[in-house]
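Listed below are the residues making up each chain.
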Amino acid sequence: MASSTTNEHVKQHTISMTVENHFGTLNRIAGLFAAKGYNIDSLTVGPTEDDAVSRMTIVTRGDDQIIEQIMKQLHKLIDTIKVVDLTDDTFVDRELALVKVQCTPTSRMEIMQISEIFRTKVVDVSPKTLTIEATGSQLKVDAVINMLKPFGIKELARTGRVAIKREFQGEA
Amino acid sequence: MTPTKAQDNHQGKLMTGAEIFVRCLVEEGVDTLFGYPGGVVIGIYDVLHDLTHIKHILTRHEQGATHAAEGYSKATGRPGVVLVTSGPGATNAVTGIADAYMDSIPLVVFTGQVVTKLIGNDAFQEVDIVGITRPITKHNYLVKDVNELARTIKAAFYIATTGRPGPVLVDLPKDVLAAKAVFEYPKTISLRSYNPVVDGNIRQIKKAAELINEAKRPLLYVGGGVISSNASAEVRALADKLHAPITTTLHGLGAYPEQSKLSLGMLGMHGTWYSNVAVDQCDVLIAIGARFDDRVTGKVEEFAKNAKKIHIDIDPSAISKNVPADVPIVGDVKRVLKQLNELVKPLDTKEWLKTIDGWKAEHPLRYKQDGSLRAQHVIDKLGEITDGDAIVVSDVGQSQMWTAQFFKWKHPRTQITSGGLGTMGFSLPAAMGAAFGRRDLPVVCISGDGGFQMNIQELATVAQNNLPLKIFIINNGYLGMVRQWQEFFWKKRYSHTQITSPDFVKVAEAYGIPAQRVSSPADVEATIRKALAHKDGPMLVEFVVVPEENVFPMIPAGQTVNEIMDSPEPLKQSHATHKTMIHAKG
Ligand SMILES: Cc1cc2nc3c(=O)[nH]c(=O)nc-3n(C[C@H](O)[C@H](O)[C@H](O)COP(=O)(O)OP(=O)(O)OC[C@H]3O[C@@H](n4cnc5c(N)ncnc54)[C@H](O)[C@@H]3O)c2cc1C
Ligand SMILES: Cc1ncc(C[n+]2csc(CCOP(=O)(O)OP(=O)(O)O)c2C)c(N)n1
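For the protein sequence lines, the chains are A and B, in the order given. Using our numbering, the letters of the first sequence map in sequence onto residues 1 to 172. Using our numbering, the letters of the second sequence map in sequence onto residues 1001 to 1586.
Next up, chain B with everything else stripped away, as it sits in the complex (with noise of 0.2 Å):
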């Protein structure tokens, strides 16, 4: 980000901890701020009153504030900002914290706190939010004296984006913002404590090059690193000059564009029959990025057993946490990549891709085409009239899985979801940060009748900002991936899963937002085209879906690929999705 002029002339000033603070933002290049205020950040939000350079979103509750800074951070790659009061303001952005510390996303959070020697005096909305968030946190921060709070802004920022990123957190006292110090904002800064490796040990990639030029039968497994280290085109060189295959976590979606014949789209609980099997079947298994997350492995112990394992992180903790790496490599993917790249040769993968094909063919993603309207039908027909070109942000849940599944993941940083932490109610706010940070793809929110109820509140943060973002709330009248647990796993003993739902376009409606419903397949192509040609504000569909779905394939949660259930719908009634049927023909 080029530092807008403005900002020149500060340093070296004497000013409030409140002038400092948001100055230094302005220093940091943040365009985008998400908050709410309250009494102890009352100074800050008196200072962020004249300032034009930074946009301050007001969303409707912190939670939203915390997720809308992710989906920012999401879509664009930069660290998401976020302003928070202190007590009540703070536990409220928790959730958000804990959502980005699972998926290592970058946010730097700013907590009011009260005056400091009234801390640890149960004050007037009072909590140790550093006490409260030192597990969900990358570092956290109480800033006691108004001299250190420049540098401490500048030593969150860089935790915050280095390394594997993740959210930071700065504890803010009243009296420390009202306190005056002359202004300095370091150019750069260094840290004794904190000093992530980057580059990859060479006589480990060479190790790792010898594997990979020996293998008969070798795959790619590409997580989230990719995307954060934007190492999309080493890791698509790698496995074009490989003729590797290649599948990805949910977080990897986008890292390797889906048409390709080489994609065999997600692997893991809800990943595709064929990526599962591959992984069961390769002999040599790359994972770039990628943290072998149970959601992913199943029963560890057979995960990829046939497979010698290179594993590539730039976090030396997440190598042989799950399953033991063969070839360690701990550095940035991006730098790693490009050595890498050097140093292997193309294979002769026409046997293994042969039947890989045959997979495809013989259990592609499919479902029941009876005339009734199914949530799949809506995220193919998406994927298909945008191509892929949409940043697409999905929920928890059913929705969720479908969306993975179906959608034509084209491009990296268009697939936003709530991994690590499952969060429901993650996508309206997200969607929203990903669009307040993104105009040039149309931003889609898809989320289920439940999760869309919790954080509901953020469609007048929509509305007020008339942001052009697409809504579709995909309503079963279930907490559908629950019911179905409870389907397969609880005898059908639907408890407390049966939710009932506002008439959604009344709501959207009262909130001055244009919608509409859907509950017959015909009109789900006409619907989806007329909202996205609707460009200069939000619209909200509704679409009304068969109430009992399964997500399949699915393994079940501890088990292996030999357990894998695949979707009872034989080939002639169902549809393939387009982007499988382009697999099956090679």
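For reference, chain A alone in the conformation it holds in the complex (with noise of 0.2 Å):
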């Protein structure tokens, strides 16, 4: 690619795909964003209301240039079906993160206050951990995550985004 991904024009964008569910495809695209060199930040695969089909969520960055040749060469890919980039729709989009956290017999109180607040779930308790499962948008996990980190996190698990388009909202 001819623009570099450093400069200012840079924007995370998160592409919707569906594919068919064949064999090999998740490689296929796997291997087009190494062998162009693009960005993956995030890739979530899973199954759709449809078993021959898949869905993709892609979050990645780049500059306008570069996210129009991610979405051609994604749609040139013959077992792609539909590519949306979500970016400038609006989306609903969620990810979900598995936290556990250290705790003493004092701090254990604190840290279920701050889920609380964050209305996550308390999902496994152990006399020295509790574990916390987050869901949310990027920002909100992020946040959880930061606000847990002063008590020690023993180990996160964190999936990438999925996302789906709105519907519009038009007058009933």
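Any given hint could turn out to be false.
Calculated lysine-lysine pairs in the DSSO-like style (CA-CA distance at most 30 Å, straight line) [to be verified]: (1) A:Lys76 x B:Lys1299; (2) B:Lys1055 x B:Lys1207; (3) B:Lys1207 x B:Lys1345; (4) B:Lys1154 x A:Lys82.
Quick list of simulated restraints, FRET-style, between CB atoms [claimed, not checked]: (5) B:Val1197 x A:Asp64: 16 to 24 Å; (6) B:Thr1116 x A:Ile164: 31 to 39 Å; (7) A:Asp124 x B:Val1197: 51 to 59 Å; (8) B:Asn1306 x A:Phe168: 40 to 48 Å; (9) B:Lys1207 x A:Gln65: 18 to 26 Å.
No wet-lab data here; the hints were simulated from the structure. Using N, Cα and C, we set each Cβ at its ideal position, and we do this for glycine too.
Please assemble the complex out of the two chains, which come individually in their own frames, going by the hints.
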């Protein structure tokens, strides 16, 4: 690519695509990003309402020219059914994190309060740890993790982003 | 292609995967198959043994098979078909697949694979060829169920030949070839995830016409897409209607007859002086089936910087990839031009053409005439003797560039070379493939001494089939193109570019191919005439040329037309090409 990826025009984009659920499809897409040197911030794959189709949500970054090429290249893959860049649309997106935090009898309450404020769930408890499930936008998940850091995070598992376009709210 | 009889009465029959495979090829109208047998495809070879209407060509290396299929496809417009065994057979085919991918050539490559239950087991002669070729195929398949075989083959041919053409690989495990299924070959196929756009958006076409109708200094920049779309007639109609000059890429050569006054020959790194200057000076650049390759643009920011750019290409990702287009049109060149040609008006380009004629007269393609033999002279003579009525297949390097520059390109599908990958060793097998596909024109292979030694084994295939191929080796004792770069940019330190060769005449004779050596310009014409007159078999001619000749003009990589190096030969002592002389007279 001609342009660099470090200039101020670089923006994060959320791309949602449906692909034929064939063996090797994920490989093709990951391979495309690797071969062309595009960034992947996150990539998730999962089934859809149709067994033969998978949905992928790719979070990537680049300037307009790079994003245009990424869209075209993804579209060009034979197994791609549809690609949309959700970035300029309104869309709902979610990430999920499981955070295992160290706790003492005294800090436990404080951690649970934080969890409550963020409306996250405590999904596992042991004498020395609490495991919290946080779901929400990237910002929210980041904020939860930041608040929990001072207590000592033992383990963190975090998904990539899934996203879906919001339907138009026309007059009823 | 009209399918021959013999194929009837097979639909609905129970047969093995190997039989289904062969029946599918018959249904597709495949007449020539380039291949090499091995353990896992032995079943297919057994079926081929009794089949008369598919000609199997046994090359001497799988790379040769893939290049032969490319040459066949380029010369005929039909897909090239290859069959090789698993493991080393498949990996040997890889270079040709990558070459076809870069140059958008429709190939369908079948590889044998180990039995499905051993896949992933490091079994004997197992490689993950689907994984290896994923980035160098348009698409590829591993067939795991014999019931999927026919449909997959149908899809492979469909994908390879539609949209932007390219190679498709189908991997065939041994057990799938042995299993039985009812043969049903679908008549048509549609894939929900693959629908190439062929019709251009009419609003865009109108915008393009408006831009063109205002142009003072229009220029057509024509590429390989015009050849693959069989749109030479439409390009010609456009150029002639507009009175617009036309320059072609390496792969566009032959799209427009160079004998015409409007032709500027090839542009780019080793393009003509005047085509590159015209690109710089034009006000509307009409890019047609060309992909703004860096060998053409040099420094992209400066390329055609004074022009509005119209870009017609069937592949959306080719548009604005390197150079932003002002008017992008996605679609098949032939269809788009049919509509565009109706909307444009004849232009007054007299001044513009006069300026260009001045450049042609001042900076023609030329070379030194001092009594020693030069490749340019050989190619110039070949063009003169054949008057452009030949299929010329070149290898990679200096000899390739001189062929592009000095041959008189006249017809589409007569210029065959490896452009995108630049694969040395391409020319001999590709010329073979062209000769298997076409008998209406003589086929001439032009190769450097280095490249020729990369697939020299294919002389056996040429001899076995008594192909009427004319093989011209340009022997300069160097890997000339690299030596030229060393001379210009690396202080003449000729590190490992001097190359020795066997006695090519004796080698040819050992294969039973008549051969001759030429070292003087005086003998060139008679020898070429003799070779061309020898119509019922191959002939090899080795031209021993001056060792340190350079290709001019040259725009060094990544630079601009301001840095163009023209030939140092003064106009008088040099020979300007015949085709350029015509131009200069106007
Ligand atoms: C040593 C060396 C030196 C070289 N020097 C030069 C040089 O000086 N000048 C030069 O030109 N090249 C040169 N090349 C070749 C160069 O590398 C490229 O291969 C070549 O320029 C590409 O040609 P093209 O733009 O016509 O595209 P191609 O590779 O031929 O691609 C065809 C384009 O047309 C499109 N297309 C295909 N079918 C259709 C259709 N039906 N309708 C619409 N669009 C279609 C495709 O999508 C693609 O974008 C050199 C190569 C080598 C090895
Ligand atoms: C397979 C391969 N290896 C290396 C190169 C790099 N390369 C490009 S041109 C060239 C020299 C070709 O020499 P020769 O075939 O003798 O032709 P000449 O340039 O002398 O006409 C080389 C080594 C290449 N293009 N292909």
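Against the structure, the hints:
no. : hint                             : result
1   : A:Lys76 x B:Lys1299              : 27 Å, holds
2   : B:Lys1055 x B:Lys1207            : 49 Å, violated
3   : B:Lys1207 x B:Lys1345            : 14 Å, holds
4   : B:Lys1154 x A:Lys82              : 23 Å, holds
5   : B:Val1197 x A:Asp64: 16 to 24 Å  : 22 Å, holds
6   : B:Thr1116 x A:Ile164: 31 to 39 Å : 37 Å, holds
7   : A:Asp124 x B:Val1197: 51 to 59 Å : 53 Å, holds
8   : B:Asn1306 x A:Phe168: 40 to 48 Å : 45 Å, holds
9   : B:Lys1207 x A:Gln65: 18 to 26 Å  : 21 Å, holds
Hint 2 from the earlier list is the only one contradicted by this structure; the remaining hints agree with it.
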